[in-house]
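Just so you know, the protein sequences line up as chains E and U, in that order.
Going by this note's numbering, the first sequence opens with residue 1, and the numbers climb by one from there.
Going by this note's numbering, the second sequence opens with residue 1, and the numbers climb by one from there.
I should point out that these hints are in silico values taken from the structure, not numbers from a laboratory.
Derived contacts from chain U toward chain E, CB cut-off under 8 Å, selection only:
#, residue
1, Leu225
2, Val233
3, Ile240
4, Tyr248
5, Leu417
Every residue gets a Cβ at the ideal spot worked out from N, C-alpha and C, and that includes glycine.
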Amino acid sequence: MDFGFIFSSALSELFTPTTAAYALAALGLAVHFGYSGLLNFGQAGFMAVGAYGFAISTLTFGVPFFVGLLIAVICSALFALLLGIPTLRLRADYLAIVTIAAAEIVRYIVTTNQLDAVTGSADGLGAFEGGFYAMNPFPEGSYMGMNNRDFFIRVVAWALVIVCCLVVWLLMRSPWGRVLKGIREDENAVRSLGKNVYAYKMQALVIGGVLGAFAGMVFTLPRGAVQPANYGTELTFFLWTCLLLGGMSTVLGPVVGAMIFWVVLSLTQGILYGLIESGAVTWLTTVQAGQLRYILVGIALMLLMIFRPQGVFGNKKELAFA
Amino acid sequence: MLKAVGAVFAAIITILLVVAPASQATTPSPTPSPTTTVFQNSISGFLRDDERKPIADVTITATSGDFTGTAKSAANGAWTIGVPTQGTYEVELDESTLPEGIKLAEGQENPRSVTFSQTSNLSVIFAFGKGIVIEEQNFAQNLLNRLVAGLSFGLLLALASVGLSLIFGTTGLTNFAHGEMVTLGAVVMFGLSAMNLPFWLAGLLALIFGGLAGYVQDAGLWKPLRGRGTGLVPMMIVSIGLALAVRYVIQFNFGGATQQLPFAQSPEIQLGPVSISPNNLWSLIISAVVIAVIGIVLLKTRLGKATRAVADNPALAAASGIDVDGVIRIVWVAGGMLAALGGILWAYYRPGVTFDMGSQILLLIFAGVTLGGLGTVFGALVGSIIVGIFVELTTVFGLAADLKYVGALFIMIIVLLFRPQGILGRRERVG
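With the rest of the complex left out, here is chain U:
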């Protein structure tokens, strides 16, 4: 026991020391993908006329204090201005550079002042044509777009929360370090891409690393603690300590800046009535497929049956010949891989990789798991999708963007008030 825990700390320290010099070498050149902007933050948008044709060669300026950035819209109408810091900028479209016959729509402020915080990119929309009323055009469209984006977000949350829920179900542990497992996936992927590994290989290795992290955690920390008969509450507090340690180990090596994974910037495409970025679309497809596979494994295979048996009653499962520790080990590895995948997709969704990206969504993951019912895998899926869609939809219905997580957390508390066992939970799990 002592030995094993000692080994974990030794491992943490070793990783710290081994990786630190490497990161020193890599951090000075943090841009893995050849982007044209020097700055981390950007203001961008697309110029399209009222028939949705792109407008090229229009000059746009952003100013703030003594900083001035200019951009010309490209052939596809896209423009991007890199800006040094987040904050408030005055964005002006030079109307004299507009082509013949195209004017800004009525009510379009120009110049206008825009503010951004918490994201590294801000899109500014200029509408053109004769008297387009933006709100009417947008509401249904916007609702649909946000719904699809919310589904994509919810499914990536589900990847993490299914893992969390499986771990909770089989060991009873509320793992506060799960957010760091999410971060780890994205950070490892970024590190490997920065070493010029091909995109697919970096992703694959990041997933394997995530699984490995789950394995090491269980073998070095949680299994010895379980063997010692440590209670669930102390284990929860240990997981908080682990979360703090890992979060700052990541910051130690990665720094506080926001970095981008390769192909992070992608213009939105039109898919039927929905406009969605290809990254979001891929994220949606990948997570849906992975979750379907998890569902099939849980329902149809021997391993899945064993997992559900352990979740239901570990002692009985052991008595019927199931290797409980083996199942738990597999659950940790799978949970780690799922969290890593969720982290990579979350890095594309935000977009950006930061050391605290996982802890930012940890509570949303908890909300998804609690909404669905602690310990139920399909509940976690349903709960996460609800949380994801809810987060995206609240902005459509007028809640400020910086309050969008509040709605989801609030809903969680309300649900606990009326149906504490969650949507798919069973009554006896509570209280």
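Next comes chain E alone, as it looks inside the complex:
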């Protein structure tokens, strides 16, 4: 078993665009849940709205890159408004059920054959990334072992992560953020101070949703394809695992959580495959090894929640639940 290779491929997961996408989406969840106490189980839906909003506006309407980006952001904000109107006045578990249902509705709609011409149904859409790579300032060549396209998307993805982290950090230490945390701690107390709790929650939902839309775009751009099967409820649950790993009411927690998530997934895969190839483990097939990893994700999520709900970085006093 080549441990050097296993470790280096695990470490290379640290800065992939996919990790960046998970970090952005988990940061959105931190705004929703960690800072405002909103149980959003539909972050995969926000990602799908962002990815499809961008892909469809580029392919069907032929708009330039930044217009497509803007449309995706507007779509996700509208989606957040649509979700928030019926549910933000209700108890937390209603929001959870409605957001997960809405995310599934989005997935069913982009999967259906009826809209094949626009969404590409189950096959999804492709070849919408041209406008993005056309802006690539790096000439062809090798950059730390990557070609200029890979390097460009990485730079953009992580720059976006850094900017978003900064924005969230600034927002949360502003008076606006303090009100939000107040809502998380005691909604009625904040209401009695004359704040419009509903409006604050809605703003938080929109901001987190827009972060989710960015994540959706970062997720699809390097793949050059957007497929509905990627945006199932499992994606949301993985994002929650990232969020809880890092710490839910921290800015860096979701980013580190996403990194840990992908490194550990890659490590376990490398080690399990290595063991299978070397014949040390005979009761597993490589397919089953892949499934074993997700069993571990589930168990890790349970254990985290039970024994260290504040995550790696979090502060136990800042938990969104008692």
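With the hints as your guide, set chain U onto chain E.
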């Protein structure tokens, strides 16, 4: 606490390791029932003339790429072509093999191209006779058929959602792992039938296993968490972790393929004006009876009264001498058994057993529970029936089949907008 949670994980891992070799041994021969088709997927149909008499010995061919399958209709008019993968096929009926005096009805495309996805079986209808206009003949008939099928579907959903609602009512937990309890019933039943156990015994053992799963879950995980004072939201997230772990444990042992329970294929029978498959009919009867029994137990017995008391106010119930933890334990066992039964019936309804069959209907179960009002048992029943019928009826009114779940989820959101406490819920439960 630590010990108990440790025990649960130890149990999960042990089950994993114990069952894995066994499944390795059984998976190479995955067909428990002696079916003639080698493939998992099939295109099938019935040939009947305009007086509904079966037409035998007609050749039908399905082609896709380099695959060609042929079938001859049997004496009862039935034909089935096993196909390797789901997708688009060209189905052609050889008109020269039709008996004298029978012709395809006007407007019947032949050959025609058919597509299927998400189901393992696709039925193709060829209409015969002189100028039958299919739509007119079918709409009222179709509506009635779908209504009955929807009722059957709704009642099987109700089995799962009544359990979920009871658990929610007594513990406050929104259990995202309930879908996996549904899957477990069907998977265990499949595993036992594959070991050549008789049909009734396999079913019975699957139900007992479901109850056991509920018991172990409560004893090993939820009771210690409640004792620790864990909040409802963390418990909800724990249930998501459990759902992920169990779903992939099932896939680990069961594989990703679709398998069929014994007697899964049954031709539709005519019952008065309704045509329904005997499986659906049985499913309808069984779930209606079971739900009636649950209703009687809840309303008439001491246990039912205690359950409702715990759901209403656990502290007060405990103060009046009710063993709250005992009641909750019974609710978990009953919920597990109901979910397992729902899973078996769902496997016949789809038809097919897969590792994610439960998570596919989890949201419909939630929709049923929320529609009826979180925590109300009879609300869950009403809500599920509405969801079931709605899902089936949307296809009659022109919504594409692959969008049929969307309607139900959409209705749930709309109802929350106007009546957030649900149909039978009480106002103070919300907000």
